[in-house]
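**Q** Turn these sequences into a full structure, and let the hints steer you where they fit.
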Amino acid sequence: MLATLESRRPDSPQTPPRNLGPRDIVALDDVAWTRADAYGAKATNLAELRRAIDPKYVPNGFAVPFSFYHDFMVANGLYDAAQSMMNDPAFQDDVQRKDLLKAFRKDIKATPMTTPMRDKLDAMHRAFPEGTTPRCRSGANNEDLVGFTGAGLYDSYTHRLDEGHIEKSFKQVWASLWNLRAYNEREFYRIDHLTAAMGVLVHPNFDDERVNGVALTRNFYFPTFEGYFINAQVVEDMVTNPDGAQTAEEVLLLQNIDPAKPQPYETVYIRRSSLVAADETVIELKDLMELALQLKKIQTHFQFLYGRSTDENFAMDVEFKIDRDGYLAIKQARPWVG
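Under the UniProt record's numbering, the residue at position 218 of the sequence shown is numbered 218, and the numbers go up by one with no gaps.
Hints are not guaranteed to be accurate.
Claimed, not checked - Here are the simulated lysine-lysine pairs, PhoX-like style, with alpha carbons at most 25 angstroms apart:
| id | residue 1 | residue 2 |
| --- | --- | --- |
| 1 | K56 | K286 |
| 2 | K296 | K286 |
| 3 | K286 | K297 |
| 4 | K331 | K56 |
| 5 | K109 | K120 |
| 6 | K102 | K168 |
| 7 | K286 | K331 |
| 8 | K261 | K286 |
| 9 | K296 | K56 |
| 10 | K168 | K98 |
| 11 | K56 | K321 |
| 12 | K331 | K321 |
| 13 | K56 | K109 |
| 14 | K296 | K261 |
| 15 | K296 | K321 |
| 16 | K106 | K120 |
| 17 | K98 | K109 |
| 18 | K331 | K296 |
| 19 | K297 | K56 |
| 20 | K168 | K331 |
| 21 | K321 | K286 |
| 22 | K109 | K168 |
| 23 | K261 | K297 |
| 24 | K120 | K102 |
| 25 | K168 | K106 |
| 26 | K297 | K331 |
Stated by the list, open to error - Label pairs and their calculated CB-CB ranges:
| id | residue 1 | residue 2 | range |
| --- | --- | --- | --- |
| 27 | D162 | D93 | 36 to 42 angstroms |
| 28 | D54 | E187 | 39 to 45 angstroms |
| 29 | D122 | D323 | 55 to 61 angstroms |
| 30 | P89 | D207 | 45 to 51 angstroms |
| 31 | D24 | F91 | 34 to 40 angstroms |
| 32 | D325 | K98 | 39 to 45 angstroms |
| 33 | V268 | R23 | 49 to 55 angstroms |
| 34 | D80 | A127 | 47 to 53 angstroms |
| 35 | D207 | D30 | 22 to 28 angstroms |
| 36 | D54 | Y269 | 25 to 31 angstroms |
| 37 | P89 | A110 | 22 to 28 angstroms |
| 38 | S84 | L285 | 57 to 63 angstroms |
| 39 | D207 | D122 | 19 to 25 angstroms |
| 40 | N184 | A75 | 25 to 31 angstroms |
If you're looking for bench data, these hints aren't it; they were derived computationally from the structure. Note that beta-carbon positions come from the ideal geometry of N, C-alpha and C, so glycine has one too.
**A** Below, the structure written as structure tokens:
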């Protein structure tokens, strides 16, 4: 087992791309897909998603560059503190490493921002409609990439109306770059911890969901036949890691080749949700058809963008929600790592 893991480890150190030139918070519609090195792939993929499909399906917001995290760390001597922590012999002990990282995250969250940085973030916050609770999403420079998603390594936070300045949520996101699992993952892949950086994607939070789910823009049961795999669950239950005996709905949508049938896709239910009645489904048929049409556009757009138009194994991993009014929102798209 250890030999197998070690065989997957890179032979030489890796430095993640980090462009610190951009200094401004940018509206998503003004973020070019090619600027992932400055804003993070999560933000640039969402910005591109707004161009790939009708933007009514995609949240709008802002991308905050890596330079904000970098400037914060430099201004407060936190890179030096991180290096000292990693040089401490106690850091090599698994238990003590966990405690030291926890203390370092606490220090990040307790350290004040400069006034100019606070003012820029406050202006961004105020640009949202009154009453909006912004979702501050992690966007590291080693996340949502081809071959490495970084899924689950970092934390995102919703900034509630009673939490004051949005600085609080930003520092929570930045601190998560030093989560134990994130550190260990970087260490395994020999990624330089001090050039790892955190951008932040900010958009309105999704409240009042009826369904959340994930989808793959590929039919991996029959790869040469157009289709899409969808995994969905009601309300806020986790779809990929349900608790206990709960199971999510799994459905395969296959291109309909029978012109006599009205729907563009046939539905094949692989597994039913344990949280709905036996004669019910998590996603209504009309919503499935609407989602499938968007998934097709996403696959076509990003397959070309990534230069993988002839690669039948290429797919995008998509996260979506449907609210209680039936509104479909697609909140993330990243290359699938199978």
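**Q** Indicate, hint by hint, whether the structure satisfies it.
**A** Hints versus structure:
no. : hint                            : result
1   : K56 x K286                      : holds, 17 angstroms
2   : K296 x K286                     : holds, 16 angstroms
3   : K286 x K297                     : holds, 17 angstroms
4   : K331 x K56                      : holds, 11 angstroms
5   : K109 x K120                     : holds, 18 angstroms
6   : K102 x K168                     : holds, 17 angstroms
7   : K286 x K331                     : holds, 19 angstroms
8   : K261 x K286                     : holds, 14 angstroms
9   : K296 x K56                      : holds, 16 angstroms
10  : K168 x K98                      : holds, 23 angstroms
11  : K56 x K321                      : holds, 13 angstroms
12  : K331 x K321                     : holds, 8 angstroms
13  : K56 x K109                      : violated, 35 angstroms
14  : K296 x K261                     : holds, 19 angstroms
15  : K296 x K321                     : holds, 17 angstroms
16  : K106 x K120                     : holds, 23 angstroms
17  : K98 x K109                      : holds, 17 angstroms
18  : K331 x K296                     : holds, 16 angstroms
19  : K297 x K56                      : holds, 14 angstroms
20  : K168 x K331                     : holds, 23 angstroms
21  : K321 x K286                     : holds, 14 angstroms
22  : K109 x K168                     : holds, 7 angstroms
23  : K261 x K297                     : holds, 22 angstroms
24  : K120 x K102                     : violated, 28 angstroms
25  : K168 x K106                     : holds, 12 angstroms
26  : K297 x K331                     : holds, 15 angstroms
27  : D162 x D93: 36 to 42 angstroms  : holds, 40 angstroms
28  : D54 x E187: 39 to 45 angstroms  : holds, 42 angstroms
29  : D122 x D323: 55 to 61 angstroms : violated, 28 angstroms
30  : P89 x D207: 45 to 51 angstroms  : holds, 47 angstroms
31  : D24 x F91: 34 to 40 angstroms   : holds, 36 angstroms
32  : D325 x K98: 39 to 45 angstroms  : holds, 43 angstroms
33  : V268 x R23: 49 to 55 angstroms  : holds, 50 angstroms
34  : D80 x A127: 47 to 53 angstroms  : violated, 34 angstroms
35  : D207 x D30: 22 to 28 angstroms  : holds, 26 angstroms
36  : D54 x Y269: 25 to 31 angstroms  : holds, 28 angstroms
37  : P89 x A110: 22 to 28 angstroms  : holds, 25 angstroms
38  : S84 x L285: 57 to 63 angstroms  : holds, 59 angstroms
39  : D207 x D122: 19 to 25 angstroms : holds, 23 angstroms
40  : N184 x A75: 25 to 31 angstroms  : holds, 28 angstroms
Going through the hint list in order, the structure does not satisfy hints 13, 24, 29 and 34.
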